[in-house]
Amino acid sequence: MCLGVPAEVIAIPESGEPRARVAISGVERTVATDLIAAEELRAGDWVLVHVGFALSRIDAEEAAITLEQIRRLGGTVLDDELAAFGRSAID
Amino acid sequence: MKYVDEFRDPAAARALLRRIDDLAEQLERPLRVMEICGSHTHTIYRHGLEHLLPEWIEFIHGPGCPVCVIPMGRIDDALWLARQPDVILTTFGDMMRVPGSEESLLQVRATGADVRFVYSPLDALPIARDNPDKQVVFFAVGFETTAPSTAVTLERARGEGLANFCVFSNHVTTEQPLRAIVDGGETQIDAFIGPGHVASVVGVHAFDFLAEEFNRPVVVTGFEPLDVLQAVAMLLEQFTSGEVAAGRATVQNQYARVVRSDGNVVAQRLMDRVFRTRDTFEWRGLGWIEHSGLGISPEYAAWDAEERFAVPGVRVADPPACECGSVLTGRIKPWQCRVFGTACTPATPIGTCMVSPEGACAAYYNFGRLDRETANAVTIRE
Chain B
1 MCLGVPAEVI
11 AIPESGEPRA
21 RVAISGVERT
31 VATDLIAAEE
41 LRAGDWVLVH
51 VGFALSRIDA
61 EEAAITLEQI
71 RRLGGTVLDD
81 ELAAFGRSAI
91 D
Chain L
1 MKYVDEFRDP
11 AAARALLRRI
21 DDLAEQLERP
31 LRVMEICGSH
41 THTIYRHGLE
51 HLLPEWIEFI
61 HGPGCPVCVI
71 PMGRIDDALW
81 LARQPDVILT
91 TFGDMMRVPG
101 SEESLLQVRA
111 TGADVRFVYS
121 PLDALPIARD
131 NPDKQVVFFA
141 VGFETTAPST
151 AVTLERARGE
161 GLANFCVFSN
171 HVTTEQPLRA
181 IVDGGETQID
191 AFIGPGHVAS
201 VVGVHAFDFL
211 AEEFNRPVVV
221 TGFEPLDVLQ
231 AVAMLLEQFT
241 SGEVAAGRAT
251 VQNQYARVVR
261 SDGNVVAQRL
271 MDRVFRTRDT
281 FEWRGLGWIE
291 HSGLGISPEY
301 AAWDAEERFA
311 VPGVRVADPP
321 ACECGSVLTG
331 RIKPWQCRVF
341 GTACTPATPI
351 GTCMVSPEGA
361 CAAYYNFGRL
371 DRETANAVTI
381 RE
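Here the protein sequences line up with chains B and L, keeping their order. Residues 1 to 91 in our numbering are what the first sequence lists, from first letter to last. Residues 1 to 382 in our numbering are what the second sequence lists, from first letter to last.
Think of the hints as simulated: they come from the structure by calculation, not from any bench. No residue lacks a Cβ here, since even glycine has one placed at the ideal position from N, Cα and C. Check before you lean on any hint, since a few could be wrong.
[Stated by the list, open to error] Okay, the calculated beta carbon distance ranges per label pair: (1) R156/L - S25/B: 23 to 31 Å; (2) E50/L - R71/B: 20 to 28 Å; (3) G16/B - G287/L: 43 to 51 Å; (4) G86/B - T280/L: 35 to 43 Å; (5) G16/B - G184/L: 26 to 34 Å; (6) E290/L - E28/B: 39 to 47 Å; (7) G44/B - E50/L: 37 to 45 Å; (8) G161/L - E28/B: 29 to 37 Å; (9) R71/B - E160/L: 36 to 44 Å; (10) E299/L - A11/B: 44 to 52 Å; (11) Q84/L - G16/B: 32 to 40 Å; (12) R71/B - G287/L: 35 to 43 Å; (13) E17/B - D133/L: 35 to 43 Å.
Could you build all of it, start to finish, from the sequences and the hints given here?
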């Protein structure tokens with residue numbers, strides 16, 4: 001729950017809602033971008049996602065470091081996070 | 001993974017450790033460094049950092065795990081809410097297994113209560129839309145990293161006029177418990193490793209009080225092992241340079257690649273609008289701390305579970321065998337708890353520090369014993 005997980009922005013919906021379509025380790029879902037509303041996101045950007053919200057914009061380097069660190073936390077930490085993320089119903 | 005390799009570069013790690021050794025030799029006394037955030041605890045255990053550092057530097061694991069700090073009385077309140085007729089209780093998966101005084105949310109669900117875990121507070125809104133004849137309560141926990149997400153969700157519920165949704169807020173802030181720890185005198189802490197993700201919301205300056213009022217250096221830090229080692233070196237430099245002795249401790253930002261000095265202003269404004277600071281709030285291990293909890297502001301009172309329901313709010317003492325409180329305040333290490341690894345394991349947790357993956361006990365159970373037995377064999381040189 002406390003994790004910030006890096007996600008790559010795949011697309012920005014045209015609805016005008018503060019949303020972004022992102023992928024974490026191949027799992028695609030929609031996240032809310034209300035908390036970084038002032039920043040203009042584009043496909044290919046990276047964001048740190050926490051409980052369904054893009055918390056901050058990060059660069060690809062930080063994303064790679066953070067994702068690898070979460071993988072290395074071991075156990076089922078990343079799998080659990082991905083499973084929960086996969087069930088998210090944000091649209 | 002070029003960049004990852006750079007962050008695990010053995011040569012860089014060795015150079016940093018040599019620097020830390022050199023600095024530690026100049027210390028006039030041992031230092032106790034508290035890492036506030038549970039994710040840092042993970043990094044330290046996973047990579048065996050404790051064993052790489054000179055003996056004069058000791059990590060103390062702080063209260064920065066949202067699941068760990070919630071008192072049993074608030075869990076019982078959530079269980080009471082879940083048992084009310086026509087209520088759907090929603091919460092994060094981590095909260096499902098946290099024991100109340102008699103049972104957990106998982107157990108109360110097995111007996112027929114409608115308890116659902118969600119990935120995001122926003123996921124509770126469609127549940128409310130789809131169940132207009134039910135009351136949907138979101139049991140919210142977390143520090144400033146999580147509170148803005150609850151704030152957005154509440155704002156949306158109000159915008160939609162979603163009358164059957166409300167929030168049972170257990171959000172807490174980092175400043176007051178840190179004040180309690182530094183001021184309390186029970187645990188001597190010399191310096192702090194600041195929580196990177198909380199700081200991305202509240203900003204680096206939110207920790208200025210530790211330096212200015214208590215002369216404790218703080219380094220806001222990332223979550224790679226080299227981040228933590230670099231933070232230790234930065235903290236040591238403040239001691240060996242004489243700055244701390246001169247009363248000039250400062251807050252530094254090692255995690256500038258993510259954390260801005262002023263944090264996330266959008267999130268701060270939202271929190272100010274949606275929440276109010278409670279007069280007092282109970283913490284596991286720390287007792288009641290003034291101005292440390294976030295309730296729902298009057299403007300959003302119609303979406304406040306504590307306004308909508310007569311939540312009992314009974315204080316419940318922790319089980320006598322559980323020493324989570326002492327672990328959370330740094331008075332003991334996880335393995336010094338009487339039930340650690342025997343009656344209390346991640347599969348059969350007695351206390352919150354073992355339930356949450358970010359808890360010091362779970363982190364130590366999963367990685368620490370291996371590290372202790374094999375000492376320096378498990379290191380960032382893997």
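Evaluated hints:
1. R156/L - S25/B: 23 to 31 Å: With a Cβ separation near 28 Å, R156/L and S25/B satisfy 23 to 31 Å, so the hint holds.
2. E50/L - R71/B: 20 to 28 Å: holds, 22 Å
3. G16/B - G287/L: 43 to 51 Å: holds, 47 Å
4. G86/B - T280/L: 35 to 43 Å: holds, 39 Å
5. G16/B - G184/L: 26 to 34 Å: With a Cβ separation near 50 Å, G16/B and G184/L fall outside 26 to 34 Å, so the hint is violated.
6. E290/L - E28/B: 39 to 47 Å: holds, 45 Å
7. G44/B - E50/L: 37 to 45 Å: holds, 39 Å
8. G161/L - E28/B: 29 to 37 Å: holds, 31 Å
9. R71/B - E160/L: 36 to 44 Å: holds, 38 Å
10. E299/L - A11/B: 44 to 52 Å: violated, 35 Å
11. Q84/L - G16/B: 32 to 40 Å: Roughly 38 Å apart at Cβ, these two residues keep to the hinted range, so it holds.
12. R71/B - G287/L: 35 to 43 Å: holds, 38 Å
13. E17/B - D133/L: 35 to 43 Å: The hint (35 to 43 Å, Cβ to Cβ) is violated, given that E17/B and D133/L are roughly 27 Å apart.
In summary, the numbered hints that this structure violates are 5, 10 and 13.
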